[in-house]
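**Q** Heads up: the protein sequence lines correspond to chains B and H, in order.
Letter 99 of the first sequence, counting from 1, is numbered 99 in the working numbering, and no numbers are missing.
To convert a position in the second sequence, counted from 1, into the working numbering, add 1000.
Calculated from the structure, these hints are not laboratory results.
All of these numbers come straight from a predicted model, not from anything done at the bench.
Some hints could be false.
Under the rule of at most 25 Å between Cα atoms (straight-line distance), these lysine-lysine pairs were calculated in the BS3-like manner [unchecked claim]: (1) B/Lys-20 with B/Lys-55; (2) B/Lys-66 with H/Lys-1055; (3) H/Lys-1106 with B/Lys-41.
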Amino acid sequence: GAVVSQHPSWVICKSGTSVKIECRSLDFQATTMFWYRQFPKQSLMLMATSNEGSKATYEQGVEKDKFLINHASLTLSTLTVTSAHPEDSSFYICSARPPRGQGRPDTQYFGPGTRLTVL
Amino acid sequence: AQTVTQSQPEMSVQEAETVTLSCTYDTSESDYYLFWYKQPPSRQMILVIRQEAYKQQNATENRFSVNFQKAAKSFSLKISDSQLGDAAMYFCAADMNRDDKIIFGKGTRLHILP
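Same shape as in the complex, but just chain H (with noise of 0.2 Å):
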């Protein structure tokens, strides 16, 4: 079965800090995308950072970025310089069989201390 699995429910970083989610998932593709969408207070589902199974190097997007593992089948997202605006539910996301449809982790609930 494909799945996606967040095993921490809630994390606590310290403003300015750097806070590392986890997220590891099941599938037997070997082309797949893996996402991490962010889910603020108005619950707007935001996309923070996209990568390509495909390709070896992590994607980064400013303050965000991923360690990617296929082999291990580990996504983690790195949030460096926490900020106040970070705090947030955040999915882990997959699109497994290219088909368009996304399975989403059970979120981790963000929570940063000024």
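For reference, chain B alone in the conformation it holds in the complex (with noise of 0.2 Å):
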């Protein structure tokens, strides 16, 4: 149980375009699902936090309108990238934690990540 997937797997836009990544919790509803950025050979930095219904939180330094958040079902958040250019390169990731009874609490499951590459 507890499985995250991700769509595309990877993406290649030209500069300028808006990119669409979907993640979608596939046995269990999700309140609360997260997107993290990671560059080659570092760690995860989280971007933000989407909240089923509300608006997402975004983590410091991290551009609401560049990276526009929706969670607009229990399983489903979007992650558009708009106006993409080359430094917006990287792979970004989604997870999301099972509410109780539902898999380990306080646990988040991580999807597949989407590889986008802009050019």
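Combine the two chains into a complex, taking the hints into account.
**A** Put into structure tokens, the structure is as follows:
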């Protein structure tokens, strides 16, 4: 149990275009999902916390207008990179925490990640 | 400030041997959760083991065990009978405020020597 999927697994886009990444909890409902960014050979950097039915909470230094997060349902959160530029190229990972009674409490389960390349 | 520190950027161990990865953290909270995650070349983050701070007993998952020293704020991971598939980046992480956020260490890259 506690499986999280991401789509697409990789995407290449032109500079100036927008890209949407989906994060789904497949076998549990997640009121909270998280979006991370990971540069090569570095740790995960939390970008924002996505809350179902409310606005996302962004970490300091993360541009809200650049990285739009929508958590429209209990199983789906999306991250849209708007007007993407080469410096936005990175590996983006989402995670979700199952509610009590489904999987281990207080534990985040991660999606497989999305590699974004902006040309 | 709440921090998680992994002081070993890389480690190597001979196949079938035992290796210990170090992790220290800093928090003023008394109730929190600690984790070790594995990230293989596929980059999928995999939960290895989880420890609840209020439990004195060290967590164990098959070949993986932790040495949790709450007073010293230390949380090391021991891998016994190392296998080639254990080669990965290992991240120590903590949920210190129970506010859902996880703080990650910088990671330790583990090499398994055949």
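**Q** State for each hint whether it applies.
**A** So, going through the hints one by one against the coordinates:
no., hint, result
1, B/Lys-20 with B/Lys-55, "holds (17 Å)"
2, B/Lys-66 with H/Lys-1055, "violated (42 Å)"
3, H/Lys-1106 with B/Lys-41, "holds (9 Å)"
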